[in-house]
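> Work out the full structure, taking the sequences as your base and the hints as a guide.
Each chain, letter by letter, is given below.
There are 2 protein chains.
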Amino acid sequence: MKLVFATHNPNKLREIQSLLPNNIELLSLTDINCHEDIPETGSTIDENAIIKAEYVKNNYGYDCFADDTGLEVNSLAGAPGVYSARYAGEEKNDAANVDKLLNQLKERDDRSARFKTVIALNLNGNENLFTGICKGSILEEKRGTNGFGYDPIFQPEGFNKSFAEMDLKEKSAISHRGIAFRALIEYLSQ
Amino acid sequence: MKLVFATHNPNKLREIQSLLPNNIELLSLTDINCHEDIPETGSTIDENAIIKAEYVKNNYGYDCFADDTGLEVNSLAGAPGVYSARYAGEEKNDAANVDKLLNQLKERDDRSARFKTVIALNLNGNENLFTGICKGSILEEKRGTNGFGYDPIFQPEGFNKSFAEMDLKEKSAISHRGIAFRALIEYLSQ
Chain A
83 MKLVFATHNP
93 NKLREIQSLL
103 PNNIELLSLT
113 DINCHEDIPE
123 TGSTIDENAI
133 IKAEYVKNNY
143 GYDCFADDTG
153 LEVNSLAGAP
163 GVYSARYAGE
173 EKNDAANVDK
183 LLNQLKERDD
193 RSARFKTVIA
203 LNLNGNENLF
213 TGICKGSILE
223 EKRGTNGFGY
233 DPIFQPEGFN
243 KSFAEMDLKE
253 KSAISHRGIA
263 FRALIEYLSQ
Chain B
83 MKLVFATHNP
93 NKLREIQSLL
103 PNNIELLSLT
113 DINCHEDIPE
123 TGSTIDENAI
133 IKAEYVKNNY
143 GYDCFADDTG
153 LEVNSLAGAP
163 GVYSARYAGE
173 EKNDAANVDK
183 LLNQLKERDD
193 RSARFKTVIA
203 LNLNGNENLF
213 TGICKGSILE
223 EKRGTNGFGY
233 DPIFQPEGFN
243 KSFAEMDLKE
253 KSAISHRGIA
263 FRALIEYLSQ
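The listed protein sequences derive, respectively, from chains A and B.
According to my numbering, the first sequence is numbered sequentially starting from 83.
According to my numbering, the second sequence is numbered sequentially starting from 83.
For the record, the hints were derived by calculation from the structure and aren't laboratory data.
A couple of the hints might just be wrong.
Just so you know, same-sequence chains aren't split out, so a pair can sit in one copy or run between any two.
Below, computed lysine-lysine pairings styled on DSBU-like, alpha-carbon distance capped at 35 angstroms [stated by the list, open to error]:
id, residue 1, residue 2
1, K188, K139
2, K139, K251
3, K174, K217
4, K174, K139
5, K94, K217
Below you can see the structure in the form of structure tokens.
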């Protein structure tokens, strides 16, 4: 079975392919000659994942899964949410995004937040979402140098270090992305 | 392993228990002596499922899953959504809900909609959501007598009959609820 993972990133593709049974051949967007930008016009993380998966199905005919991730801060009514990657401006800039969020949270007592990864799967005419949630809180300043994005200021519940102070294996065991992809992989492995 | 299904309905419990491996002992809310109403204060279907599962975990200590379902109509900006069961008033009334929706959609060209079931699972400290989506459209009048809720006016994409004109097996193969529960069951069966 051929299945598209809506990414151009060969590392992401290889990582997931290695966890899937042999009868599933994973294809990237590059593999199917999809070179245009897929519109990410959803107003929620769910919608963006759904839009990407449906775009591939409708335009290229392949069954497909697509992921989207965001950070939802409770005292900011769920912001930056679907805008996490471009919170401080159209150009993706991790440092600027982190600074903006720290500024927004100055004077706020409630620093609780959650990371969310949603994977939308279109398979055999059915549409599933697999969502991984990791609850935690936003630190007052950056800690650690691993990871990317908001990792230096996100401390998962039950831990006293940030995502950026964890190695990849430790982070993956509890992370939103790890939880969502494990559910997808177990579903596809049946 | 003991796992709570946040329902009082013994039929729902038996249905899911019969699909799970023997090492999982499913408990209902009645089984754990949870007799109070769990607050459903979320503003989305996702949130209501999450709130219910976390309520059981926080107050009774059990790993738990909880489901919530809604109908989202595109030209009504996603309504009735989280309010599907009580669209026409606090008292649950399927006929009144259907009538209200048909009235809201008079004069609307876009009758596209989707049913969504979200299952929130709290297990071993991780939080997953399993979402099943069934796309379709709202008919102009009721058809069929099976099912419940909005089934008589919902026609799934690719079919020329309403959910209420399908038998349970046919509906379950394509329904939001079937899709979501199959993903949960396959995840728990690993």
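> Under the constraints set out in the numbered hints, which ones does this structure not fulfil?
none
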